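This is what each chain is made of:
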Amino acid sequence: MKKLLFLLFPISAFAQTEIPLNDLGAFKNPSTNWTIVGGISGDYQATTLTSTEGKGILYGTAKGAKYQANDDLFFKLEHGDIKLSLDFMIPKGSNSGVYLQGRYEVQILDSWLKKEINDGDCGAIYHRWDEARGAGNEGYEGHAPRQNAVKAPGLWNHLEIDFKAPTFDASGKKLTNARFNKVTLNGIIIHENIELLGVTRGAVSPKEAATGPIRIQGDHGPVAFKNIKYEVFDKAIATFSPTTYEYYQGKYASLQTGNAKPVKTGTAAQPTMKLAEAKADFLLKFQGKIIIPETDNYTFTTNWTGTGALLIDNDTITKGDHWYSENVQGTKKLSAGEHTYTLIHAKDFGWGPKALGCFIERIGTAKQGITERTSLPEPEATPLIEVKVGQEPVLQRSFVFYGDKKKTHAISVGLPYGLNYSYDLNQGGYLQLWRGKFLDATQMWHDRGEPQTSSPMGTTVNSNDKFPLAFLANESAAFPDTLTKSDLKYKGYRLQKYDFAGQQIAFPDFMYEYKGIKVKDTSLPMANNEGISRRLSFDAGSDSKLYALLAEGITITNIGNNRFAVDNQQYYVQVNASETNKVIVRESNGKKQLLMPLAGLKELSYQLIF
Amino acid sequence: MKISLKILLSMGLLSVATQELFAQAKPKPYTEEDFYEIKTIAIPDEIKLEAGGIAPMPDGHVAVCTRRGEVWIIENPYQLNGTKPSYTLFASGLHESLGLAYHEGSLYCTQRGELTKLTDTNADGKADIYESVANWDLSGNYHEYSYGPVFDKNGDMYLTFNVAWVGYGEGKLAKWRGWLVKVKKDGTLEPIATGLRSPAGFTVNSNGDVLYGENQGDWVGSGRITHLEKGDFAGNAGGLFWTKEPDSPLKLTKADIPDTGEPMYEAAKKVKALKLPAVWFPHALMGISTADMIEDETNGKFGPFQGQYIVFDQGQSKAMRMSLEKVNGKYQGACYPFREGFQSGTVRARWGNDGSIFVGMTSRGWGSTGKALFGIQRLVWNGRTPFEMKNVHAMPDGFEVEFTQPVNLKSAQDLASYELKSFTYKYHHQYGSPIINQEKTPLRGVIVSEDRLKVRLVMDNLRKGYIHEILASGLVNDEGQPLLHDISYYTLNDIPAGELAKITTKAVPVTPVKPATLPAKKEKVVSNAPVDTKQVAALLKKHACTSCHAEATRVVGPPFTEVAKRNYTNEQILDLVYHPKPENWPDYATEMASMTHVPKADVLKIANWINSLGKKQKPDLNKIENRD
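Chains as they are written, first to last, in full-length UniProt numbering: chain A, 1 to 610; chain B, 1 to 628.
Source of the hints: derived by calculation from the structure; they are not laboratory data.
Given the structure is predicted, the values throughout are model-derived calculations rather than measurements.
The reader is advised that the hints may include incorrect statements.
Listed next, the in silico PhoX-like pairs over lysine-lysine satisfying Cα-Cα at most 20 Å (straight line) [said to hold, decoys possible]:
1. LYS92/A to LYS174/A
2. LYS489/A to LYS464/B
3. LYS184/B to LYS406/A
4. LYS185/B to LYS491/A
5. LYS489/A to LYS175/B
6. LYS153/B to LYS489/A
7. LYS172/B to LYS489/A
8. LYS272/B to LYS464/B
Only part of the chain B face toward chain A is listed, based on derived beta-carbon distances under 7 Å [unchecked claim]:
9. LEU94
10. GLY140
11. LYS541
Note that beta-carbon positions come from the ideal geometry of N, C-alpha and C, so glycine has one too.
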């Protein structure tokens, strides 16, 4: 059987250039509201952020009076088409926003825990505004995010925006509308391909333009940013001469045509699969010229079903057997001027769609098709299979990806009101926790479901897949990474009724035997849905050296009231420490661990808030 | 609607064929549905009842577990007097559960990686305890399906574990893949036997013996049923990786297995642990993917086949029948067609309390002749006895065929009423096998018993290890009715001792039958020859093409109209029929077997017809293929 190599999609950097945050030099006349700090933290119940001196974080303190337009921050960067990515943090109740070209706002707001969201909530493309529409009807054409993807106040959120600027003819008449190609908040796609018919409320100008500066709203409340990166698409693109082609019939898996005569030859405006008449057993060879505008590194992407090769100036850039949905890439430095390309593709079997794509790009340009548009078919339409949660928890076993490993004995639990977690039944550890929609089971239930995986549909916090309890010789002894089946026996789960929102609702109690003690592990939503409350009960002896690992991450910051911000403010953990059972923050294998001795205890409860 | 239309069409084909065979005066031949009825159990619209397991309960409820991990309890599944069933969700969230059993008040369900005991302790109709009785490793490969449990008399449970699929069957990715295991009461796994590839159906019979069904694939030339005893190796090498474990009951390694393509019977002479199948189910001629089997212990409630087995085929959506006997202490026997026409892929079967069979079905991603994605139906005997070969017994010099009704003496004594031959398959690591070594088994004479219920066929050229085909199309009963199914396949691993029949007829010399390699007859099939649709329809049915292919709809294999779009020449189609290239059709789960036993002239007629379908519509080269 012919084997086609299936590559994972190469993950290209989303945005390439970083805005330096050593000072405010990247911004136009920033007001005194804006400052550069080295560290920042918050608490989900606090309306302010706490900063420490240093560099790397842009902090809008909102210390001035509210609604002073000069507190808005304008980037010196003027942009048209742009990909922008950044991390932001807001305290409780705060409000800000990112305006593309100073005109089209992606809203930043503390919408945490909101169940019904609209075009004013975090991630929304804010509405337009027209007084003439009459009182109460001024706002229009706003776009609510697909789901509420914001994290708790005081935690970092990650936002990615792919924006297409409006275009105009020489007379200034608009040719195409501005468009958000894609907006992603905390890994969740919240908008895709949305056209804006005009500027949103609060724009610097009602008049649209080809370029404008990024603007951050700074007069509504405190906000912090870091890792601001962008790529603008303003560089000159390549041009192409018409291509010559040769079309052969027969099997040419080696791409060598030898003495064979082509069935057809000629020239075409662009290389295209349409020139292959047969479904299978053919070879197409195109040769043409690319006129490169500036010396730079150029990346080529090819797609085909079968085998092929792309040569630039006789250097092989991509080649091999591939399925057409794979983006096979190669990069070459090219000098300004004329270069030749040779694109060869052979298909020597009948199955799979005929497909040929070849693209060129560099930093600062969009991907340009060298091949004709219809030469590469679009991907298959696969329906979403979503597992939904109603008034009661929903449990679903599947394989679950944890990093690049499949966990084979995993269960995902969707709790009412949008808190969810995946749990490794073999280890008794959380794999991930998330807020939002429950589970995408398409990869398990569509067709044969070869991956047999399901995945979170909401804003996700990764966890460490560790059983939270261990017998340790002392408080500096290493916590075990994984447990064997002889140390930890999974016994099953019981659906046990608990009081929740005034009702008796059944939640799973996971049952284990750990080194001779019985352990029960239950996860419940917190009363106001701020996070997940984990309850562990265990029948260890009162003098036992049993410890609990409550959190692990690059940082663990004590923010007071037995509350800690974990892993660069990815989530909070609330503990219930006492004089006899004090928590310890310690270093282990380059990570911080939050450890609690359990001597004398029969149960433990702690909360994960995100 | 589609299904009923399809049935009408196939009946139409049948009547064309039968008009040619029988004069007008002959009675209208009976069909399967005149004896065994298929009753559909209504499923609420929102339930995807992709049945992987079925457990009838003593109170008349039936529990069904699904590939989406749900367990539904159906009240009133018998729909007595036209009443409706009612569904309750008993459990959910399981991982592709493909087996279910009721035992002492709990349901035992096999998920991919765990045997789970589901118990409702608070009587609200829903399981609240999901106890992990046993769990085992998985690699994450989708093909590592797990099946069972089947309880034995002691309350121990058996499970079977598919090997992974990585272009071939691989067992080493996770422990005990490719094995039959017993789960003891304390939850530990006891490995029993290996060599399993895709053991979707198995049973513990009334003697306490484990029989399992195998799917054609690598090391498996055709579907088959094998009796597994401790230490047996059933043929697929994937699971042998684990024989190095201290608790493995056999020490055989992959290096010990001859991978020569010789018949399995020959290989088994060299490898003591290699267990021969009790019954082969010839690929496409009987089924294409052996699934569940159950022994008829209904004492006549299901008809005249007490002690025999009803065996299901997932891909062909049908039930087959199997009779076993022990010759020199080992099971062997015959298989027979039984009942076609289920709505989806027939994976699971269990006896209902009334002697009918609940059949659970799913075809998502696997394909099946029945077009529905899932379903549950009941197979019910209506009290009328079909005229069938009831049983076939091996004799020292042939076979004794037992019938359900007395045979017409004249037809039974006519040697032309029978066509006999034998063949076997290759044993090798490749996927499937063509039919090989096909030879005639000349009939020297017949002896009809006094009560005309038995016919002894005295034959030459009996070969051990071969599948002996008995086609008795000339037989009729007293009514003048032909056999409801005129064919059976007996797997002759051993020939019993005994008295030879006294027949004075001169033996006919043995001539090998190799229709595939014979030169084509002079009648030339030109590619633009007019197409005789009726003749082609008869050929498609005769050679079992229609088991997997339909003209314009996807069944197990691609529709002929799709084949036509590939623009093969008739000769290329011939080549592909003899040497299929499953890689040409990667969207189809079931690979086609080589059909070299179909005569070249017939294939070319079919190929010519296929290509005539292509002419009706010029294929759009640029159309994106639907890779559903």
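Do the alpha carbons of LYS272/B and LYS464/B lie within 20 Å of each other, as the hint requires? Satisfied, since the Cα-Cα distance of roughly 17 Å is no more than 20 Å.
Is it true that the CA of LYS489/A sits at most 20 Å from the CA of LYS175/B? holds, 18 Å
Would the pair LYS172/B and LYS489/A pass a check requiring their Cα atoms to be no farther apart than 20 Å? violated, 24 Å
Restraint status (C-alpha distance of LYS185/B to LYS491/A at most 20 Å): Holds. LYS185/B to LYS491/A sits at ~14 Å (cutoff 20 Å).
Agreement of LYS92/A and LYS174/A with the hint, judged by alpha carbon distance not exceeding 20 Å: Cα-Cα ~40 Å, so violated.
Satisfaction of the LEU94/B interface hint, Cβ to chain A closer than 7 Å: Because about 6 Å separates LEU94/B from the closest Cβ in chain A, which is inside the 7 Å limit, the hint holds.
Just to be careful, I want the Cα atoms of LYS489/A and LYS464/B compared with a cutoff of 20 Å; is the pair within it? violated, 50 Å
Proposed proximity, LYS489/A with LYS153/B (alpha carbon, max 20 Å): Distance of about 28 Å is beyond 20 Å: violated.
Can you confirm whether the C-alpha distance between LYS184/B and LYS406/A stays at or below 20 Å? violated, 29 Å
Taking 7 Å as the limit, does the beta-carbon of GLY140/B come near enough to a beta-carbon in chain A? Constraint on GLY140/B satisfied, holds at 4 Å.
Going by Cβ atoms only, is LYS541/B closer than 7 Å to chain A? Violated: closest Cβ of chain A sits about 27 Å from LYS541/B, beyond 7 Å.
Checked against the numbered hints listed earlier, the structure breaks hints 1, 2, 3, 6, 7 and 11; every other hint is satisfied.
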